[in-house]
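Undergrad: Residue-level listing of the chains:
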Amino acid sequence: MYPSRFNYESPKTLADAIALLDSGAGETKVLAGGQSLVPMMKLRFAFPGTVVDINNIPNLNYHRFDSDGTLRIGALCRHEDLEHSDVIAKGQPTIAAAAPLVADPIVRTRGTFVGSLCHADPQGDWAAVMIALGGRVVVQGPKGKREIAMKDFVLGPFQTALEFNEIAIEAVIPAPAGQARGGYLKLERRVGDFATASVAVALEITGGKVVRAGIAMAGVGGKTIDATDAASSLVGQALTEANIATVAAAVAAVAEPRSDHRGSSDYKRQIIRTFVTRILTSIANSTKKAA
Amino acid sequence: MTSLYEEISTPPAGDVPVRRVTINVNGQARTVDVEPRLLLAHLIRQGLKLTGTHTGCDTTNCGACTVLFDGRPIKSCTMFAVQADGHKVETVESLASASELHPIQEGFKEKHGLQCGFCTPGMMMAAKALLERNLNPTEDEIRWAISGNLCRCTGYQNIVKAILWAAEKMRAESK
Amino acid sequence: MPLDEIKIGGMGASRRRVEDNRFIRGKGNYVDDIVLPDMLHMEILRSPVAHARIKSIDVSKAWDTPGVRLVLTGEMMAARNLAWMPTLSYDTQAVLATDKVRFQGQEVCAVIADDPYIAKDACAKIVVEYEILPAIVNPLQAADPASVLIRDDKENQPGNKVFDWEIGDKAGTDKAFAAADKISKIELHYPRTHPSPLECCGSIADYDRATGKLTVYMTSQAPHIVRAAVALVAELPEHQIRIVSPDIGGGFGNKVPIYPGYVISILASILTEKPVKWIEDKTGNLISTGFGRDVYLKGELALRKDGRILGVRMNTVSDHGAFFSDAQPSKFKIGLMHSAFACYDIPVAHMMSTGYYTNKAPGGVAYRCSFRVTEAMFFQERMVQAAADDLGMDQAEFRRINFVKDDEFPHRTAFGFLTDSGQYGKCLDIGLEAIGYKNFAKEKAEAASRGRLLGIGISTMTEPLGAGNSREYDILGIKMFDSAELRVHMSGKALLRTGAKSQGQGHETTWAQIVTHELGIPAEDIVVEEGDTDTAPFGMGTYASRSTPVAGAAVAMVARKIRAKARKIAAHLLEVSEEDIEWELGRFYVRSNQDRGVTIQECAMAAYSNMPDGMEPGLENNAYYDPPNLTWPFACYIAKVEIDPETGVWDVLQFVAVDDCGVRINPMIVEGQIMGGLTEAYAMANMQYITYDEEGNCIGANYMDFLLPTAWETPGFELYEVVTPCPHHPIGAKGVGECATVGGPAAFVNAVMDALKDKGVRNIDMPLMPNRVYEALTTGNDVYGMPPVRVGN
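Protein chains in written order, with the working numbering: chain A, 1 to 291; chain B, 1 to 175; chain C, 1 to 793.
Misleading hints may appear alongside valid ones.
[What the hints assert, rightly or not] Estimated spans, in silico, between C-beta atoms of each pair:
id: 1; chain 1: C; residue 1: I478; chain 2: A; residue 2: G222; range: 53 to 59 Å
id: 2; chain 1: C; residue 1: K61; chain 2: A; residue 2: A15; range: 37 to 43 Å
id: 3; chain 1: C; residue 1: E524; chain 2: A; residue 2: D260; range: 53 to 59 Å
id: 4; chain 1: B; residue 1: R133; chain 2: C; residue 2: N21; range: 26 to 32 Å
id: 5; chain 1: C; residue 1: T92; chain 2: A; residue 2: E163; range: 43 to 49 Å
id: 6; chain 1: A; residue 1: G222; chain 2: C; residue 2: G416; range: 54 to 60 Å
id: 7; chain 1: B; residue 1: K49; chain 2: C; residue 2: A124; range: 26 to 32 Å
id: 8; chain 1: A; residue 1: E256; chain 2: C; residue 2: G159; range: 41 to 47 Å
id: 9; chain 1: C; residue 1: L476; chain 2: A; residue 2: F47; range: 51 to 57 Å
[As the list claims (entries may be wrong)] Simulated crosslink set (DMTMM-like; lysine to aspartate or glutamate; CA at most 25 Å straight-line):
id: 10; chain 1: B; residue 1: K49; chain 2: C; residue 2: D525
id: 11; chain 1: B; residue 1: K88; chain 2: A; residue 2: D266
id: 12; chain 1: C; residue 1: K27; chain 2: B; residue 2: E100
id: 13; chain 1: B; residue 1: K109; chain 2: C; residue 2: D38
id: 14; chain 1: C; residue 1: K27; chain 2: B; residue 2: E141
id: 15; chain 1: B; residue 1: K88; chain 2: A; residue 2: D81
id: 16; chain 1: B; residue 1: K49; chain 2: C; residue 2: D532
id: 17; chain 1: B; residue 1: K109; chain 2: C; residue 2: D390
id: 18; chain 1: A; residue 1: K90; chain 2: B; residue 2: E141
id: 19; chain 1: C; residue 1: K27; chain 2: B; residue 2: E93
id: 20; chain 1: C; residue 1: K175; chain 2: C; residue 2: D390
id: 21; chain 1: B; residue 1: K88; chain 2: C; residue 2: E446
id: 22; chain 1: C; residue 1: K7; chain 2: B; residue 2: E93
[Unchecked claim] Only some residues are given here: those of chain A computed to face chain B with a beta carbon under 7 Å:
id: 23; residue: P11
id: 24; residue: L14
id: 25; residue: M40
id: 26; residue: K42
id: 27; residue: R44
id: 28; residue: F47
id: 29; residue: G49
id: 30; residue: L101
id: 31; residue: P105
id: 32; residue: I106
id: 33; residue: T109
id: 34; residue: R110
id: 35; residue: E188
id: 36; residue: G192
Bear in mind the hints are in silico, worked out from the structure with no lab data behind them.
In this text, a Cβ means the ideal position worked out from N, Cα and C, and glycines have one as well.
If we strip away everything but chain A, and leave its shape as in the complex, we get (with noise of 0.2 Å):
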């Protein structure tokens, strides 16, 4: 497999990026891990004319806690930083479920976590995420900086709200009104298969109350799905057995997935149903005993 020609580039600076993007009329594609778009590359479904390595752009690859709480997370931070990172493992449970679970470990020392947020890939597991924990994208073109919900920035299966001459240059993830907890379930054949159905859950508790509770779904349907209505009367609620049953139905209700060989919709909103259940259960649990 080899890829078709392209001209590099490898700008030390987010403006000269940019001008890259903006001087190539949307033949340019940005490189980051590379983990998706080099494969496509290879089999040539994606034949860019010009690819723009960022790389090489100092200061991208970070993950961190603002003293308020918020996480941001740079372009360049891969996947395996999230996975073996302590502030996560402390402060972001839904990140630290998910993040052992994207494509297989040696893909993860390479990907990024933006860069799976702009390939936009239905089965992706970090737009779930995001929707879940009801995120943005901070995107950086020619006329400045802009934020976009998480939820709108994904429009459909690999298409996203980036204009061409834009690059998704940081993750922010708002700080929790209460305590952070959440999970991420993902039914896979086989590591790095992509996901059947998963579901990734983002509770806010306080007083043993869910003040806040996000869940969104990849694999079940054309898009990632936000089910956070579905999962609205959970708010005010302590978590129940019953109150757990009725959201873990109202979300699998609201998953559009389609029949084929890795099983029926039905199936897969049962996988979706369970996964809700399991997650939520498992939170119950651990929130009684610290209790």
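Following the hints, position chains B and C against chain A.
TA: What follows is chains B and C alone, placed relative to chain A:
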């Protein structure tokens, strides 16, 4: 300085741009001219003649091409050679010294951790990356760490044993 | 002091592998590692559609690409009488398509250029106009007389049927069924899968016009067969053809057939007068080279109340793809499918088989399997479990009462094979003990209380490994024997060559151990070479677990010839008559005085420096070995699984393997073969398959869709051993490489079915993906085939 372009391709006609890059490969600075689309795995194999790194699939699944890039394992079929400019690459050929095998190599032989040998270099590099972070891994941690590398022959059980063997030897040596 | 055979690396030593020394250093030498001066690179343009008439091919833009040296089309091949080639099953296969494409991925054009990137660019510039025809993607469609004819290139090909074939005693079987107390039936699909070695196929053809010599470095498990075929197809003189199989990155049967890419690279080298390298990509490998299985199986057992099996009926419908290119003995159209039920004492059996062409990749069919033995044993063990369930008998007990008993050998099977040895009951006992069969009911009830479903699946089987004998087994008329050549140098070091070809089995290590066993020369003093037809003696190659049964036997036999000559030399050196000499490992001595002796090394020196009068100098010989029978290893595999009823995901809690492959040359390597084979069994049972959509698009064309399990999913295996020496093999060994792949799948599937027994589920076809298990357990219905078709009469 060696120009290795010709070994990969005769200079293409017209305006195909070529980039000059310097990569530290197995401790040695190598300067080469490459077309941007050249995959790092192909530069390593054909340009630098380090054929221990194999290419097994085209879709970033099999891991036969795994090398260390600035110390971390990557699939070298999924990076362009130009991207390695100024970086450090270690291949399977760097494991053994002139006189001694690396404990991971010894472990693979001792525990029959290979059959056809095709996945072995990538598997050993993944193992090296693991042991550099965790010299006392459990069986599950090993299975997890090598789950980006496919082996078709062994069923992995002996690979796991090989890495446990190597870890033990490396722990003893580090004391 | 006699030599310690284990210490010097003889039989039974878990000798560390010689070949590892290069592999662990990254110094293996695979085809793609070979670079010849001025070498060109070839890429193949493949058909994007399954079935279409080629209206036109425009290669002008490809020719215009700088760096392109040659563009080949079917028409150009046809001009040289090379557009079609014979297959290993007496059919023909297109090398480059001329009239039609008949499967997605078929070879249409080839570009030869200065580097593969350029060749790929040029391929993308070729314009082919196709007139799409309906695609036939399963035998049911193929059998429909109204269906489009796939092989309209063949004269006298009235429909899409490849063959009808029948074996056994129909009248006798009918009688057995008429007398049965109960008849138990089952119907299955063994899905299409692929051997998929990590290394794809490839070749470097190097034709030297000055000498007329053609050298081809290639990924072949059987280089001598290739030489013979190239001589026949390309009409080149056989002595001017040299086929070299260097290190091979796994074969599993995929590298037995001769593929168009090899042939095209040869012609390209002849035309360009430069070496031409072709390295297939993974998609090319998965969509165009020899697959495995794809058979619909149904059958029934006639049963007596007490559990004895009175007769077997089997019916197979097989999908061969666009060209009938199974690599199999020519006498048997559906391979050795009739080896089914060989471990059971059954009086009578009958089988009918039909094969069809479809618009899918052509065969190969061997995938770590002796010619359809995998399907046979899978059917057998699924059938046996169903019958035990129907009778309400314990699955282990049902097997035990029907086993051929230890004292009943040699035993003629219902389909006519002769099995010769085994301790089936003992293997089963060891397996049951290890898995904790006695306590299983308790364990299952405990799991049920946690909402989990437990099941135990047993698979017991003996299979025929090591073709020939030459009376019955041939490939393209070439009889299936094998060979070895041994040269002992004057210092007592030795060079051994065989006609087999290792792809990871460790021949360089184990062949030396056989010589050590026979001659007492330390294994480290023996170098083994294979794979170069200019130096290796003629052999039929390595597949069908035939290396140890056939080539391994030849190694023992040639060593014995050497020993016989050395004995004469020893008599000369010791100045006694040959009759007064005794042999112990590595040494001849005078019977009356054990201290007076000469070592094999001393005899070797004398063979070059002090031979008896009238004796030919030197110490070398060869042996061609034609086995009197196949070898019949036995295996008992038992899986214990747990199903998560909310997702259908099943986990293997324990897996026990008891293998009796006769005498083990190198136990470490044997165990490695078994673990690898079990992993492929697990893969097929769980996730690894190829299917096609209605248009004939291949689903499973890369490793994102064709799933090989990783270290994370693959269960651990517990191995046990029983040794019943093969009575006719010179060192008592039997084949082993395939046993686990052949017998393993039924253990996993039977375990899942056992767990679902109470739900009324009788069958889920492989792969047992979670969604299919979930469907069965929630509906109580069987889940059939992928794609969902059922065929049979």
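Undergrad: Determine for every hint whether it applies to the structure shown.
TA: So, going through the hints one by one against the coordinates:
Between I478 of chain C and G222 of chain A the C-beta distance comes to about 56 Å, which sits within the given range of 53 to 59 Å. A hinted range of 37 to 43 Å holds for the C-beta pair K61 of chain C and A15 of chain A, which are about 40 Å apart. Hint check: E524 of chain C to D260 of chain A, Cβ distance near 56 Å, so the stated range 53 to 59 Å holds. Between R133 of chain B and N21 of chain C the Cβ separation comes to about 28 Å, which falls inside the hinted range of 26 to 32 Å.
The beta-carbon spacing between T92 of chain C and E163 of chain A, approximately 56 Å, falls outside the hinted interval of 43 to 49 Å. Hint check: G222 of chain A to G416 of chain C, Cβ distance near 58 Å, so the stated range 54 to 60 Å holds. The hinted window of 26 to 32 Å between K49 of chain B and A124 of chain C holds, with their beta carbons roughly 29 Å apart. Checking the proposed 41 to 47 Å range against E256 of chain A and G159 of chain C shows it holds: the Cβ atoms sit about 44 Å from each other.
The hint said 51 to 57 Å for the Cβ distance between L476 of chain C and F47 of chain A, and at roughly 44 Å that hint is violated. Taking the CA atoms of K49 of chain B and D525 of chain C, the gap is near 31 Å; set against the 25 Å cutoff, the hint is violated. At most 25 Å may separate the alpha-carbon atoms for a hinted pair to count; K88 of chain B and D266 of chain A exceed this at roughly 49 Å. The hinted pair formed by K27 of chain C and E100 of chain B meets the criterion: a straight-line CA distance of about 15 Å does not exceed 25 Å.
Distance check on the hinted pair: K109 of chain B and D38 of chain C sit about 37 Å apart at the alpha-carbon level, beyond 25 Å; violated. With a C-alpha separation of about 29 Å, the suggested pair K27 of chain C and E141 of chain B falls outside the 25 Å cut-off, and the hint is violated. A C-alpha spacing of about 19 Å is found between K88 of chain B and D81 of chain A, which places the hinted pair at or below 25 Å, so the restraint holds. For the given pair, K49 of chain B sits about 24 Å from D532 of chain C by alpha-carbon distance, which is consistent with the 25 Å threshold.
With a C-alpha separation of about 49 Å, the suggested pair K109 of chain B and D390 of chain C falls outside the 25 Å cut-off, and the hint is violated. For the hint pairing K90 of chain A with E141 of chain B, the CA-to-CA distance comes to about 21 Å; that is within 25 Å, so the pair holds. Note on K27 of chain C and E93 of chain B: the hinted pairing holds, with a Cα-Cα distance of about 8 Å set against a maximum of 25 Å. Between K175 of chain C and D390 of chain C, the direct Cα distance comes to roughly 21 Å. Compliance with the 25 Å bound is thereby established for this hinted pair.
Between the alpha carbons of K88 of chain B and E446 of chain C the distance comes to roughly 55 Å, so the proposed pair goes past 25 Å and is violated. With a C-alpha separation of about 31 Å, the suggested pair K7 of chain C and E93 of chain B falls outside the 25 Å cut-off, and the hint is violated. At its closest, the beta carbon of P11 of chain A sits 13 Å from a beta carbon of chain B; the interface hint therefore is violated under the 7 Å criterion. For L14 of chain A, the suggested interface contact is broken, since its CB lies about 18 Å from the closest CB of chain B, more than 7 Å.
A hinted interface residue such as M40 of chain A counts as satisfied when its beta carbon comes closer than 7 Å to some beta carbon of chain B; here the least separation is about 10 Å, so the hint is violated. Because the closest C-beta pair between K42 of chain A and chain B is about 5 Å apart, less than 7 Å, the hint holds. Interface restraint check for R44 of chain A: the shortest CB-CB distance to chain B comes to about 10 Å, outside 7 Å, so the restraint is violated. Look at F47 of chain A: its Cβ only gets to about 10 Å from chain B, farther than 7 Å, so that hint breaks.
Taking 7 Å as the C-beta cut-off, the interface hint given for G49 of chain A is violated, the closest approach to chain B being about 11 Å. Interface hint status for L101 of chain A: violated, as the beta-carbon distance to the closest one in chain B is roughly 11 Å, over 7 Å. Taking 7 Å as the C-beta cut-off, the interface hint given for P105 of chain A holds, the closest approach to chain B being about 5 Å. Because the closest C-beta pair between I106 of chain A and chain B is about 4 Å apart, less than 7 Å, the hint holds.
The criterion of a C-beta within 7 Å of any C-beta in chain B is met by T109 of chain A, whose closest approach is roughly 4 Å, and the hint holds. Hint status for R110 of chain A: holds, given a least beta-carbon distance of 5 Å to chain B, under 7 Å. Taken as an interface hint, E188 of chain A does not check out: its beta carbon lies about 11 Å from the nearest beta carbon of chain B, beyond 7 Å. With 7 Å as the threshold, the beta carbon of G192 of chain A comes within range of chain B, its nearest partner Cβ sitting at about 6 Å, so the hint holds.
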